[in-house]
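Novice: In case you want the letters, here they are:
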Amino acid sequence: MSAPTVTRMAQLHELLQRHETSPAAGSVPVHPGLVPLFPRGLRAGAVYSLHGSMSAALALLAGPSMAGSWCGVVGVPDLGIEAAADWGVWLDRLALIPHVPAEDWTSVVAALVEVSALVVATPPERITPGEVSRLLARLRTSGSTLVVLGDWPRAAATLTGRVVRWDGLYDGHGHLCGGALHLEVTERHHTRHVELEMPVRP
Amino acid sequence: MSERSERPDKRRVNDATRGTRGSSFTSTSPVRVMMLWCPGWSVLAARLVQGLAAEQALALTDRGIVVACSPAARLEGVTTGLRVRQAQHRCPDLIVLPHDVVAEARAFEPVLRAVEEKIPHVHVVRPGLAAVRAQGASRFYGGERAAARALLEHLHRFTAHELRLPTDLRVAVADGLFAAEQAACSSSAADPLTIIPAGGSSAFLAGLPVGVACDKKLDNLLQRMGIRTLGDLAKLPRGQVHSRFGAAGLHAHQLACGEDVPVLSPRVIPPELGMHVVFDPPAAQIDRIVLHCEPAAAGFARLLTRSALICTQIRVTVQLEPDALFERLWRHPWQFGKVEVLDRIRWQLEDLAAEATTVDDDSLGASVLSVQVLPESVDDAEHHAQGLWGDRPDEKVEHALTNLQHRLGHEAVLTGAVTGGRLLHERRVLRPWGDALPTIRESRLEQPWPGTVPGPAPAVVFTGAHQVQVLTATGEPVTVDERGAVSGRPALLRLPDSGQKRIAQWAGPWPIRQRWWRKVRQLNRFQLIDNASSAWLLLVDGNTWFAEARYD
Chain A
136 MSAPTVTRMA QLHELLQRHE TSPAAGSVPV HPGLVPLFPR GLRAGAVYSL HGSMSAALAL
196 LAGPSMAGSW CGVVGVPDLG IEAAADWGVW LDRLALIPHV PAEDWTSVVA ALVEVSALVV
256 ATPPERITPG EVSRLLARLR TSGSTLVVLG DWPRAAATLT GRVVRWDGLY DGHGHLCGGA
316 LHLEVTERHH TRHVELEMPV RP
Chain U
94 MSERSERPDK RRVNDATRGT RGSSFTSTSP VRVMMLWCPG WSVLAARLVQ GLAAEQALAL
154 TDRGIVVACS PAARLEGVTT GLRVRQAQHR CPDLIVLPHD VVAEARAFEP VLRAVEEKIP
214 HVHVVRPGLA AVRAQGASRF YGGERAAARA LLEHLHRFTA HELRLPTDLR VAVADGLFAA
274 EQAACSSSAA DPLTIIPAGG SSAFLAGLPV GVACDKKLDN LLQRMGIRTL GDLAKLPRGQ
334 VHSRFGAAGL HAHQLACGED VPVLSPRVIP PELGMHVVFD PPAAQIDRIV LHCEPAAAGF
394 ARLLTRSALI CTQIRVTVQL EPDALFERLW RHPWQFGKVE VLDRIRWQLE DLAAEATTVD
454 DDSLGASVLS VQVLPESVDD AEHHAQGLWG DRPDEKVEHA LTNLQHRLGH EAVLTGAVTG
514 GRLLHERRVL RPWGDALPTI RESRLEQPWP GTVPGPAPAV VFTGAHQVQV LTATGEPVTV
574 DERGAVSGRP ALLRLPDSGQ KRIAQWAGPW PIRQRWWRKV RQLNRFQLID NASSAWLLLV
634 DGNTWFAEAR YD
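For the protein sequence lines, the chains are A and U, in the order given. Read in order, the letters of the first sequence are residues 136 to 337 in my numbering. Read in order, the letters of the second sequence are residues 94 to 645 in my numbering.
Everything labelled a hint here was simulated from the structure, so no lab data went into it. Given the structure is predicted, the values throughout are model-derived calculations rather than measurements. The reader is advised that the hints may include incorrect statements.
As the list claims (entries may be wrong) - With a cut-off of at most 25 Å between alpha-carbon atoms, the simulated SDA-like pairs for lysine to any residue come out as follows:
1. U/K489 - A/H308
2. U/K309 - U/P290
3. U/K489 - A/D239
4. U/K594 - A/D239
5. U/K310 - U/F338
6. U/K489 - A/G203
7. U/K489 - A/R300
8. U/K594 - A/R300
9. U/K489 - A/G187
10. U/K310 - U/R176
11. U/K594 - A/A272
12. U/K594 - A/H308
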């Protein structure tokens with residue numbers, strides 16, 4: 136294979152990658168601690184499915200929020216606001232919609248992704264393929280990312296967050312003063328993982 | 094009884110004169126002032142507002158002290174300065190009301206309007222006491238006496254017919270506010286007109302006690318030094334009075350010499366903001382009501398814009414047919430426009446409809462007679478001008494969130510803030526989008542909160558209390574007694590939905606001592622880690638356990 140062919144291949148590869156990401160504008164920034172997991176940031180216009188830890192959701196929210204974008208949280212009435220602020224989420228740029236009727240879910244999330252870089256949402260019990268593709272189209276045009284707390288039919292990647300260690304609490308004495316959050320992302324059968332120390336000082 | 098005793102107490106007289114002291118300098122040639130005085134206006138205003146008869150003994154109190162009383166009460170021996178208990182002792186059927194300065198000022202408003210019908214540019218010294226410039230009026234009516242008489246006649250007619258409250262009114266003309274006020278106070282009901290000729294102030298004031306021109310402390314001092322009248326004070330050299338008694342002494346000396354501020358500041362009538370929509374016939378459909386309110390709301394927003402004002406708080410009053418009023422205060426962090434006002438009206442009506450629980454979704458239980466919107470707090474628009482990097486959100490975000498709120502309801506779209514508190518759900522404040530979040534001062538985050546959880550904040554704070562069970566290794570429930578003693582070692586955590594977990598590490602009880610004066614049960618907090626590596630915060634009230642928050 137001659138040298139020009141190699142460069143041509145590389146160019147095509149680049150083009151393909153760019154197309155695969157999003158037509159809108161590249162990516163959604165992530166928290167500095169998550170950079171090993173998402174070196175290029177979260178893909179704009181994609182849906183990620185997150186299992187397990189709520190702290191992982193807060194860590195994901197912190198990235199775009201610190202970059203100055205609005206974020207939204209749908210269907211999570213028990214969100215710990217204080218923990219979110221500790222992760223680096225700007226509370227004045229966080230819209231919360233704790234309860235959404237199931238039939239309005241798609242339209243509410245679609246309206247929210249129009250104005251925010253990242254939306255974290257609890258998925259409804261059933262969602263039709265039509266609604267899924269409509270939501271994906273909205274995400275792609277607005278260039279934002281949706282993180283679903285649960286399963287999602289066409290997720291770009293699956294994330295699993297788990298706290299693997301707690302420090303400071305013993306048998307009858309002490310108090311929690313930190314821990315380690317293990318985050319794992321599975322994207323196209325490749326798995327990357329990172330361990331984050333908590334609490335994180337941004 | 095002498096006329097002097099009717100004079101409002103000295104504290105308030107001095108308030109009136111001091112109001113003009115701060116900003117302006119005194120001059121030797123003050124303007125001719127026509128002063129209108131309604132003796133005992135506080136009591137009259139209270140009677141007007143409360144609808145009380147003249148013969149009832151009435152006393153107005155401020156912090157437990159009588160500040161004004163009606164003639165009937167005075168006959169029974171009630172005087173100003175008495176304690177309420179003493180006054181009630183002297184006159185058992187005394188009606189005691191708190192002294193409401195705002196209501197008093199509001200009641201004086203019609204009188205001021207009546208004065209303005211005759212002579213424009215009224216300067217309000219305080220409720221019950223108003224001044225106008227005498228010069229123009231005397232030229233128009235042909236003399237000060239004629240002008241004062243015309244004013245007095247007009248006001249007598251007005252109070253008798255409009256207020257239906259024959260009032261004792263006094264008018265005085267003198268140089269400057271202070272002399273005019275003193276002249277008005279020294280007149281009698283039989284001769285309500287006093288005119289001090291120009292330049293005659295100092296001669297008139299010379300006979301008055303020194304206390305009318307200074308505060309209690311200085312009055313006391315001057316009395317003890319043998320300076321009893323304003324004439325005595327005026328005779329002293331000004332420089333020495335100033336060096337001995339300071340600014341207050343200088344001011345008193347100037348007043349005693351008949352020098353006063355040369356300007357009157359006429360009152361500014363604020364524009365009538367707010368909107369009022371009347372439904373005739375009464376309406377019951379929410380959509381129709383809101384549609385009907387739309388032009389008025391647009392007018393309201395336009396008026397605000399034209400007056401260069403920003404409204405951040407409105408009071409919406411809905412009057413229902415069978416004589417019921419529903420009021421609600423709405424706040425907005427930036428500014429109320431037409432859409433915002435209409436949304437608030439809609440939400441209030443929807444809340445009313447939800448309370449009425451009618452069969453029809455879009456209809457209220459009762460018909461609406463009128464909708465009124467009053468601005469509660471307005472500010473100059475220039476104070477809220479957006480900076481180069483404005484602190485209000487992007488227009489697009491605002492629009493999208495307001496739309497969502499419009500669709501889902503007022504309480505559905507929230508923004509949050511962290512405030513001070515011991516319990517975690519108290520530390521989380523969620524407010525509807527558009528409502529103002531607590532300020533730094535209100536949030537009290539910096540204050541010490543003994544009993545807060547140290548360490549990282551939990552990611553999940555439960556909104557409702559989930560009851561859980563904590564058991565010892567043998568299956569006995571763990572309890573905490575009043576002295577904070579734990580009955581056994583917590584070993585098992587039983588959750589209502591996800592079964593039983595083993596407790597790996599734990600700590601507690603951490604007492605939460607708050608509002609002990611209300612004798613509420615004391616809560617204790619436990620922190621524990623289960624075998625699935627979830628950490629929990631539990632609250633225990635004796636033997637009942639609740640999950641407060643979860644770290645995960």
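Novice: State the violated hints by number, sorted upward, taking the hints as numbered earlier in the document.
Specialist: Numbers 1, 2, 4, 7, 9 and 11, in rising order.
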